[in-house]
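Peer 1: Chain by chain, the residues:
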Amino acid sequence: MEKLSQIIIKLKWIIVTSVLALTIFFGYQTQFLTINSDILSSLPDDDPAASLYKEIGTQFGGNDMGMIVLESDNVFKTEILQHIKQITDSLRYTDGVSTVTSLTNILDIKSSEWGIEIGKLVDEYNLPNKQSQLDSLKNYVFSKEMYKGAIVSEDGTATVVMFTLLPDADKQAVAKMIKSKVENLNLPETLYFGGLPMMMNDISDLILSDIVWLLPIVFVIIALILLLSFKSFRGVLLPLLTAGIAVIWTIGIMVVTGYELTIISNIIPVVLLALGSAYTIHVLNSINQSKEKDRKQALIKALTYIIIPVILAAVTTAIGFVSFVFGAYLTMIKDFGIFTAVGTLIALLLSIFFVPALISAFSMYRKKIETDQPEKENILTHKILQPLVTLLFKHPKYSLTAWGILLLLSIGGMFFIKTSVNMADYFKKDNPTRVSEDVMQKKFGGSLPVFVVFEGDMQSPEVLKMMIKTEHFMKEDPNIDMTQSVADLVEQMNDAMGEGKMIPDDKAKIEQLWFLLDGQDVMTQLVSEDLDKGIIQSRFASVETKNIDEFTSKMNKFIQENKSENIKLELTGMPSVYVKLNNSLIQSQYSSLIIAIIMVLLIVGLMLRSISKGVYATIPIIATILILFGFMGITGIPLDIATVLVGSIALGIGIDYSIHIITGFNFHLKETGDAEKAIEKTILSSGNAVIINVLSVAAGFLVLIFSQIVPLQNFGILVAISMFGSGIGALTLLPVILILTNRKRKIVANNHKQ
Amino acid sequence: MKIQTVVLTALIVAGSMFSANAQDASTILKKMDDVMYSPKDMTGKNKIILIDKNGKQEIREATIQQKGTDKRIFRFTAPASQSGIAVLSLPNDVMYLYLPAFGKERRIATSAKNQNFAGTDFSYDDMESVLFSVKYTPKLVKTEGNVYVLELTPIGGKSDYSKVIVRVNKTNYYPESMEYYDKGNNKIKEARYTFKKIGNYWNAAEIEMTDLKKNHKTKMQMSDVKYDTGLTDDDFTVRKLKQ
Numbered sequence: 001m002e003k004l005s006q007i008i009i010k011l012k013w014i015i016v017t018s019v020l021a022l023t024i025f026f027g028y029q030t031q032f033l034t035i036n037s038d039i040l041s042s043l044p045d046d047d048p049a050a051s052l053y054k055e056i057g058t059q060f061g062g063n064d065m066g067m068i069v070l071e072s073d074n075v076f077k078t079e080i081l082q083h084i085k086q087i088t089d090s091l092r093y094t095d096g097v098s099t100v101t102s103l104t105n106i107l108d109i110k111s112s113e114w115g116i117e118i119g120k121l122v123d124e125y126n127l128p129n130k131q132s133q134l135d136s137l138k139n140y141v142f143s144k145e146m147y148k149g150a151i152v153s154e155d156g157t158a159t160v161v162m163f164t165l166l167p168d169a170d171k172q173a174v175a176k177m178i179k180s181k182v183e184n185l186n187l188p189e190t191l192y193f194g195g196l197p198m199m200m201n202d203i204s205d206l207i208l209s210d211i212v213w214l215l216p217i218v219f220v221i222i223a224l225i226l227l228l229s230f231k232s233f234r235g236v237l238l239p240l241l242t243a244g245i246a247v248i249w250t251i252g253i254m255v256v257t258g259y260e261l262t263i264i265s266n267i268i269p270v271v272l273l274a275l276g277s278a279y280t281i282h283v284l285n286s287i288n289q290s291k292e293k294d295r296k297q298a299l300i301k302a303l304t305y306i307i308i309p310v311i312l313a314a315v316t317t318a319i320g321f322v323s324f325v326f327g328a329y330l331t332m333i334k335d336f337g338i339f340t341a342v343g344t345l346i347a348l349l350l351s352i353f354f355v356p357a358l359i360s361a362f363s364m365y366r367k368k369i370e371t372d373q374p375e376k377e378n379i380l381t382h383k384i385l386q387p388l389v390t391l392l393f394k395h396p397k398y399s400l401t402a403w404g405i406l407l408l409l410s411i412g413g414m415f416f417i418k419t420s421v422n423m424a425d426y427f428k429k430d431n432p433t434r435v436s437e438d439v440m441q442k443k444f445g446g447s448l449p450v451f452v453v454f455e456g457d458m459q460s461p462e463v464l465k466m467m468i469k470t471e472h473f474m475k476e477d478p479n480i481d482m483t484q485s486v487a488d489l490v491e492q493m494n495d496a497m498g499e500g501k502m503i504p505d506d507k508a509k510i511e512q513l514w515f516l517l518d519g520q521d522v523m524t525q526l527v528s529e530d531l532d533k534g535i536i537q538s539r540f541a542s543v544e545t546k547n548i549d550e551f552t553s554k555m556n557k558f559i560q561e562n563k564s565e566n567i568k569l570e571l572t573g574m575p576s577v578y579v580k581l582n583n584s585l586i587q588s589q590y591s592s593l594i595i596a597i598i599m600v601l602l603i604v605g606l607m608l609r610s611i612s613k614g615v616y617a618t619i620p621i622i623a624t625i626l627i628l629f630g631f632m633g634i635t636g637i638p639l640d641i642a643t644v645l646v647g648s649i650a651l652g653i654g655i656d657y658s659i660h661i662i663t664g665f666n667f668h669l670k671e672t673g674d675a676e677k678a679i680e681k682t683i684l685s686s687g688n689a690v691i692i693n694v695l696s697v698a699a700g701f702l703v704l705i706f707s708q709i710v711p712l713q714n715f716g717i718l719v720a721i722s723m724f725g726s727g728i729g730a731l732t733l734l735p736v737i738l739i740l741t742n743r744k745r746k747i748v749a750n751n752h753k754q
Numbered sequence: 001m002k003i004q005t006v007v008l009t010a011l012i013v014a015g016s017m018f019s020a021n022a023q024d025a026s027t028i029l030k031k032m033d034d035v036m037y038s039p040k041d042m043t044g045k046n047k048i049i050l051i052d053k054n055g056k057q058e059i060r061e062a063t064i065q066q067k068g069t070d071k072r073i074f075r076f077t078a079p080a081s082q083s084g085i086a087v088l089s090l091p092n093d094v095m096y097l098y099l100p101a102f103g104k105e106r107r108i109a110t111s112a113k114n115q116n117f118a119g120t121d122f123s124y125d126d127m128e129s130v131l132f133s134v135k136y137t138p139k140l141v142k143t144e145g146n147v148y149v150l151e152l153t154p155i156g157g158k159s160d161y162s163k164v165i166v167r168v169n170k171t172n173y174y175p176e177s178m179e180y181y182d183k184g185n186n187k188i189k190e191a192r193y194t195f196k197k198i199g200n201y202w203n204a205a206e207i208e209m210t211d212l213k214k215n216h217k218t219k220m221q222m223s224d225v226k227y228d229t230g231l232t233d234d235d236f237t238v239r240k241l242k243q
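Same order as they appear, the protein sequences are chains V and X. Using my numbering, read the first sequence as starting at 1 and increasing by one per residue. Using my numbering, read the second sequence as starting at 1 and increasing by one per residue.
To be clear, the hints were calculated from the coordinates, so they are not data collected in a lab. If you're wondering where the values come from, they're calculated on a predicted model, not measured in any experiment. Accuracy of the hints is not assured; some may be wrong.
According to the in silico footprint, chain V covers these stretches of chain X (three or more CB under 8 Å from chain V) [what the hints assert, rightly or not]:
#1 29 to 35
#2 98 to 109
Heads up, simulated DSBU-like pairs for lysine-lysine below, C-alpha to C-alpha not over 35 Å straight-line [said to hold, decoys possible]:
#3 X:K242 to V:K110
#4 V:K144 to X:K214
#5 X:K217 to X:K56
#6 X:K242 to V:K176
#7 X:K53 to V:K181
#8 X:K183 to V:K54
Think of the CB as a built atom: it goes at the ideal place given N, C-alpha and C, for glycine as much as any other residue.
With the hints as extra help, turn the sequences into a complete structure.
Peer 2: Written as structure tokens, this is what we have:
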């Protein structure tokens, strides 16, 4: 290690210039960073539910359904119809839009005594303008199941314009374009924009403004904490500089390797700022404490001492992040894990190579080397750590019991943990997007698309009848308001031919009814060109996990019972995806935590050359994770795509505190030979650093409270809590365990002596 | 054909060539209408080839009878599942459909003229034999090689198109191509015409319509065309439809 340190100092100029060059290169790349807020693109391709859902999108003109709701006191007015037509037209002529369905262009099949009228519900070139026409339109719309509550709300005060996007369209750009086009129409009615494409667009706006607002705040807060603890310009500059460079490199690497910023990875800068500064802090701390007179020698010595612990701290943290790669379902969570780990390692390398090189190159040594002010007593040691030590030694068992009670409470709380995968929950309650989703849900049966995919001969009576049967079954669920399929159209056509609203038994009849349907816009959304696949389209009104679960399991049972050689049925859509996501949240939480715990245990055990000490070190962090989940259960903070990250991150960062305490204990034990003294010394000396570290990391993450995305707010709170938990655990629970095990050993040893 | 007729035709053609520069857009369009809609009646076979974006073809066949510009019977002969289906179009948007599997005819009204006809890339609007000079206001954009380029604007705004660009053959006044623009001013469809002279008339032997948005193509090919065989109104009745 000493050799390495010497080499670092020798090559200082090369290091400094290459860091500078790389930073310029990656900094240049960052401008090409794009944001992808599409949660669907993050579904893994090897998952059948997800890939079917994506496939539907390409085959049936887009699964990305957007909705614009127009609300007024009564939509059956000429002027409002005119406005709906305006919206419809402006959507129709937007690039990237696949289909548009609205009151003014929806296909209508009317049968009358004299024949069939296939046409539009409303003649868009001759909108009804007499009260009698409007009244009869209203009556007709409310008489037909396929319109009532589907295209016009049941109270007649709102109507919806639905659109789907082309599969290869840039969804966010199209959504943005649609929104601005429609807003520019300056319509007097209240408009709501909803559906996934719209939500994604809004989320990505929020992501951008989050980054712009939050990063500087994190910067300032960490700078303040650094200033307070180091009281020097260097102490503020170097940690922030390395963290900042780590952020730039990480983002640059993301761009170069072709990754996009997602709703998750947008917190990478915040995480890296909060964490990346830590390693430099350790290095600086070590340099500050060195008492060598020769500056260069002091630097080398300090470096030699700190390299191993810093590597260990960074590697355990990186493991916490890497554990997502193995456990996560969403690719964006994996990506987050990889790049945060990369960023952590970059911060590590910078703190070991760049910081000493920079100090040496620019002679950024401290102006005066502080000569022994023996055990500079500060408020922290005096008011907190000293009493703490006294308490721990007096009542180790009480302390343990207190922890026991806390943990029991937490375990109890864990049973109340909820999960949330609903996109709308990501917005604050008063956010317009959230409000829109509520309106969609109340008036139009939600915006979550549901599809049942049928494989078979779409013109066979058997398949079409099964479609009708399935639709009836679906509608029994209170959360399904409308369904649409080609079977409905065939039934209506059959009715129009005067043979009743049913699927004809004769295939020849179906084929001939098809003749009229062929070429209608809606057909490409319902059946494949080869007529071997068709879908039932529907929407699900609830976003409650319970309702979604119930519906999907009921549907899957129905599908199992009804599929046959000639008909293959499959359920897909957002509810299915949500169920998958939901299960995966819990699963990935387990697997990434277990992987992280085992890895950390192994590494810490190896480093300390003692498995039992490895176990002791992990106890506070496991306790912290229990408290974390207990807290989530009690406060109702749900497990979602952001909060699912907290456990492993807490483990990766929190373990550092335990490592500090245990290594300190080992060091002082060797020095004094007395375990109790060693513990006291360790708490008094390392306690300071731990507390400062907890405060700075927690403060950095707490900034996320100001995020506009709810899961990120929760994420910030939870990481902060974990930091406190693991810090306090390392300072109380761990020493108590050490005290008790040492007392036991003493007793055993004494017994042996006798 | 008598020599006199040939000479006469040649004279007329030559004469119109000389006066070409002086012609205004509406004269050109009227002449195009004359070329397209002058036969008293027509019978023939129609082959409809649908080509999807992967190049896959689907073929339908039908016989056509037409009288004037506003009476027409389309009778499908292939594929088997559609064989016998017949569509009778009468003036004023009156249409009857006969489905042999039901043994019944029904009057159908398509208030939505922008919908495609029976899976083709032709909308009901495109299929209508209403004179172009009635539906559109023309503007001569330029003359180019052997064509006049006309820009047609729909009259009355009841169309899905914002404009149609037609290239009219300078010599014979049949359209060579039409480009359809939507209201966002995007070119959405394109038709290419191949005309052949049959008897006294120019016949659209093939019309190839491409839907540029869907990347889907329809070719309509005419064969066995006979003109002026003396069809009467009685050939265009519901009773005839069912035969």
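Peer 1: Hints first: check each against the structure and report whether it holds.
Peer 2: How the hints compare with the structure:
no., hint, result
1, 29 to 35, "violated (count 0)"
2, 98 to 109, "holds (count 9)"
3, X:K242 to V:K110, "holds (23 Å)"
4, V:K144 to X:K214, "holds (31 Å)"
5, X:K217 to X:K56, "holds (10 Å)"
6, X:K242 to V:K176, "violated (53 Å)"
7, X:K53 to V:K181, "holds (30 Å)"
8, X:K183 to V:K54, "holds (31 Å)"
Hints 1 and 6, counting from the list given before, are not met by this structure.
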